[in-house]
Structures are given as C-alpha cells and as structure tokens.
Amino acid sequence: MPEQTRTRPRARRRLSVVGVLGELLITVGVLVLLFIGWYVWLNDVIVGSEQTQAATELQQQWAEQSRDERGEAGEPAAPPPPVYEGQSPDSAPVRAEPGVVNEAFATLIVPRFGTDYARTIAQGIDVRDVLNSRRTGVGHYPGTQMPGELGNFAIAAHRNANGAPFGRLLDLRVGDHVYVETADGWYEYTFRGLEYVLPNQVDVIAPVPRDAGADPAERILTMTTCNPLFSTDERAIAYSVMTAWYPREGGMPAELSELGQEEA
Amino acid sequence: MYAALWRALPGPVWLRLLIVLVLVAGILWALAYVVFPWAADVLLPQDVTVEE
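From first to last, the protein sequence lines stand for chains A and B. Positions 1 to 264 (our numbering) are the ones given, in order, by the first sequence. Positions 1001 to 1052 (our numbering) are the ones given, in order, by the second sequence.
Rather than coming from a laboratory, the hints here were simulated on the basis of the structure. The model shown is predicted, which means the values in this text are computed figures rather than measured ones. Glycine included, each C-beta is placed from N, C-alpha and C at the ideal position. Any given hint could turn out to be false.
Simulated restraints, written as ranges between beta carbons of each label pair [stated by the list, open to error]: (1) G99/A with W1029/B: 17 to 27 Å; (2) T243/A with V1022/B: 27 to 37 Å; (3) L1023/B with G193/A: 46 to 56 Å; (4) L170/A with W1029/B: 29 to 39 Å; (5) A183/A with G1026/B: 35 to 45 Å; (6) W1014/B with Q65/A: 30 to 40 Å; (7) A254/A with V1035/B: 44 to 54 Å; (8) L1017/B with R95/A: 50 to 60 Å; (9) L1017/B with G29/A: 18 to 28 Å; (10) A1030/B with L25/A: 13 to 23 Å; (11) A1039/B with L170/A: 44 to 54 Å; (12) L1023/B with V17/A: 48 to 58 Å.
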C-alpha cells in the first residue's frame, strides 16, 4: 500500500517546547526526591562510615604508638597482663587543650549508639571544618575542660545529616557508658540525664553546668546537639559524669572488647 | 528531549545503554558528593552549638 511506504521512514519528531518543559519538570521532581533520600538517609551512611573509619585509624595509630613505646623501653616481649579494670577518675591524666584547631585529639565511643560506633573529636566547633567534616564530626568547645579534668568536657555534633554523630543522643539511658579514648587510654563517663535549652543557654558548658562560676568537683561530659530533629530552635543537652579511668597499658574496657570493638 | 538525546547517541542499543548507565552513574555521584552537600548547606543550615 502506497500510504504505508510513505510513512515507513519515520519522520523525526521535532522537539516541542511543552514536551521539553514537561520532561524538565519531571527531572526536577526526581532530583528533589533524590535530595530528600540523600539528606535523611544516604548522606548519614556515607559520611558516618567515613567518620568511623577516621576514628578507627586514629585508634590504631595510638595502639601502635603504645606498643612501640613499650618495646623501646626494653621490656620483655610479653606485655603485662591486661588489667581490664577501671581505676579511679582521680588517677586519670589530663592533657593540655590542643593548640591546633580542627584536628582530632580523641575519639568518642558510645555502645548505645551502635556496637561499632566511633567518631573522632576535634578541637573547635567550626561548622565547615569540624561539624560538617567527613573526617571529624564531633567538636570540642574551645575553652571548656579536657577529658578527665575537673569541670566540663563539652562537645557538639549534628543530630541529622553530615554523618549525624549524635543522631541517637536521645536514646541514651541513665547508666549508659560513654567512652572518650585518647592516646593515654579510655575515660569512662556514665550518662546521667538530658536537658532541653534555648540556643543561647551557654551555661550548659560551664565547669559546673547551669551554675556558671561555681567550683567544679566532678568531671562532666556535656554533649550538645540540635532539637527538635531537623530544627534549630532548641538544643538537646546530654550530661554524663566520669566514673572510671582505663589506662592504655591495662587494655580496652571489657564492655568495649565484648562488643567487638577492635584493639588494633 | 530525552528521546532526542537517546537518538543522538552513537552505536547499537547495547552501547547506547552502556553510555546512558555510565552517564547516570556519574550524575548520581556528582549529586551525592558535590551538589547535594552544597544545597544542604545553603537550604538547610544547621546549628548544634550553644552560643551567646
């Protein structure tokens, strides 16, 4: 049939304005959905695993340093038997606040946040270089005390997005242990309570929280993050108090080795 | 628009499919690591610290 042969070599469809516009709108819709999925889920998985990796590398580095030091001291090849027992917080060493900002000096281990949870704690609370960073994520408020020091070791991190290091802060239960690991060993803090404050309530990071100017008699760990979730209207504050000190020579706290946290 | 792009690709169908998959993978990577982080900072600023 002649009509069919005429249409056989299909005429090239021309681009219509409405067609292009429609496809662009669909594309934008897909991009928005992708962004939401990335924001609430994928980004935390990607960045979270990178931050955990950074923490693991730092922990391995400390473990190797410690082994090297013991080896160089000419001690017998066999290391001393692990103590695995917490010592009094009074015996914990206190390092000076790092002069270099944006660099990790400790790691945070919270069994309640997951059996393999570990993040680095960097000096400073710069949004771009610490809190949003793929290598750090948790920041230490400059001027607040250091781990093991009488007073308040105050740290901040995101509750959602950017790895969400404090994504499960509100899951903490009284008695949960929060460990801060440094080159010297493990500082064990025990969770005591939560508080919700306004963003300008700076006395939560005072040496004695909510009592600025008082003389500290305890070693407090204060974690701050945003509240409610996806909002910046308030801050959620978690207080813990130091309950034990585990020197590196004595080995990793039993709670952590039982969880399968590797002592490199 | 997408139909025109598909026709503009060279080679047989399997090669076109391969090219499209590589392009889509590249675009998704750029979105997840470059575009979305930038957009999140601009559109959804966050604040987790206490300050005066």
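Evaluation of the provided hints:
1. G99/A with W1029/B: 17 to 27 Å: 38 Å, violated
2. T243/A with V1022/B: 27 to 37 Å: 55 Å, violated
3. L1023/B with G193/A: 46 to 56 Å: 53 Å, holds
4. L170/A with W1029/B: 29 to 39 Å: Because 33 Å falls inside the window, the suggested range holds.
5. A183/A with G1026/B: 35 to 45 Å: 41 Å, holds
6. W1014/B with Q65/A: 30 to 40 Å: Given about 54 Å between the Cβ atoms, the range is violated.
7. A254/A with V1035/B: 44 to 54 Å: Distance hint for A254/A, V1035/B holds at roughly 46 Å.
8. L1017/B with R95/A: 50 to 60 Å: 58 Å, holds
9. L1017/B with G29/A: 18 to 28 Å: Once the Cβ atoms are compared, 24 Å apart, the range 18 to 28 Å for G29/A and L1017/B holds.
10. A1030/B with L25/A: 13 to 23 Å: 21 Å, holds
11. A1039/B with L170/A: 44 to 54 Å: 27 Å, violated
12. L1023/B with V17/A: 48 to 58 Å: Cβ of L1023/B to Cβ of V17/A: about 24 Å, so the range 48 to 58 Å is violated.
Hints 1, 2, 6, 11, 12 from the list above are not met by this structure, while the remaining hints are.
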